[in-house]
Amino acid sequence: MAPRPASAASGPLRSRAGLGPLETRLLELLWERAGPATAGDLQRECPALAYTTIMTTLDRLYRKRLLLRERSGRAFAYRPRCTRDELVSELVSGHLTQLLGASSESAVVLSTLVRAVRDTDAALLDELDELVRAERSRLAERRK
Amino acid sequence: MSAAALLGLVLLATFALLSLVLSAITALWWRTAGHNRAVRSVDLLTLRLLPAAGALLLVLAVVLPAFMRYEPQGEREAAGPLLWALALFATAGLAHGIWRGARACSAARALLARCRAGTAYEASAGRWVQLLAAREPLVAVIGAWRPRIVASESVRAACSAEEFRAVLAHELAHCATRDNLKLLLLLSAPDALAWTPLATSVTAHWRAAAEREADQRAAGSDPGRRLALAAGLLKVARLVQDHGGPRPELGMPVASDDVAGRVRGLLAPPRQPRHARVPLALALGTLLLPLLALPCYPLVHELIERLVGLGR
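The listed protein sequences derive, respectively, from chains X and U.
So the mapping is simple: the numbering used here equals the position in the first sequence, first residue as 1, plus 10.
So the mapping is simple: the numbering used here equals the position in the second sequence, first residue as 1, plus 8.
Everything labelled a hint here was simulated from the structure, so no lab data went into it.
Treat the hints with care, since some could be wrong.
Quick partial rundown of chain X residues pointing at chain U, CB under 8 Å, derived from the structure [stated by the list, open to error]:
hint	residue
1	Arg-91
2	Asp-95
3	Asp-139
Which stretches of chain U does chain X cover? Using the computed rule of at least three CB atoms under 8 Å from a CB of chain X, they are [claimed, not checked]:
hint	stretch
4	62-71
5	235-245
As the structure is a prediction and not an experimental result, all values here were calculated from the model.
We treat Cβ as the ideally placed atom computed from N, Cα and C, and that holds for glycine.
Could you build all of it, start to finish, from the sequences and the hints given here?
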């Protein structure tokens, strides 16, 4: 019952973040590196890509607030703003909130375990916790 | 107007008329006896689908044969304004139902597309759950035709292994009974009730009943499993509350989510499920209807003729 990693994870990331294939590729390369990288560094890893293409793409990722950059001589050195997992979590949460918020109860085929809990239910949840604890002790005693 | 066009109009108009009558009966029944917490989900589903399904059955089993048997061949007849109005009403109702169903499916598809990444987790033999690295404490079954179970990591982290298994067993119970497909039928029923708050109310009661029944099916009679699900349910409720309190746009008109009733139901000894009476009676009626309607064909045709000519 152990979790297994999803296959072809860059696909969903691309679609969810609205990233192009090249943007995703460069972002993945930056995540793989320990430190920041300039357009030149990345071009050495992807010789098929033109230097200017890499520079423009990195700039686009910076404007999308996915990368941070600092001066490194005459060029910029880029590093990811967050880890891959943090970005995925942020994207999933943002989209879920947006989708769940936008779709009213009557407009989506969805069965959720618990949809909403009222403010006034806090005390009730404490009371129910007590009941669960009591039942757990009762069961444990019966098993002894 | 040709006989075929007139037949089309008559079928649509009688569907609208019968669906209106059955909607009124359903509404009356709901107001007088429907608010019973012990009603099973299958009874509520039958009740909600009665106007559209009943009207369709009557049209196909009574109106159509009566028209075909007694309408003079080759005769051209003009339709009155009432027939046109009813036929338009039926068309609008059908279109509205299809639109609601398509919108619900498309929203579910969009949600599933967002949930596709993450990790797969085996809930039981051959049944995989999508685990999402999301902040929302979400545990849900999404989609009508091929429902998928999704859960957020926050829920798995909050629950013990046994509680999480129990929570997933609850969702698997929804899949086994095709609850989302039933929900789609409820959301897209093409009748007059769909334009009233009563439809929302019946659907909300159906959801609550379906949740209670999924709890009972998932936990069975094993006290340990019942306790684990009750504890898991409470933990998810806490997460939902901590995440942002009540979300009215997702809330149900019946007691937010009857977490207390469900937890108490799980802590109590299991009860034998009540037999569903409404669907059984309706199934018998459906089988007998074409036979019972045979002697009424001349009268039905006479009524159709009056409806066609009304206001002309």
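Comparing the hints with the structure gives:
no. : hint    : verdict
1   : Arg-91  : violated, 17 Å
2   : Asp-95  : holds, 6 Å
3   : Asp-139 : holds, 6 Å
4   : 62-71   : violated (count 0)
5   : 235-245 : holds (count 7)
Violated hints, listed in ascending order, are 1, 4; each of the other numbered hints is respected by the structure.
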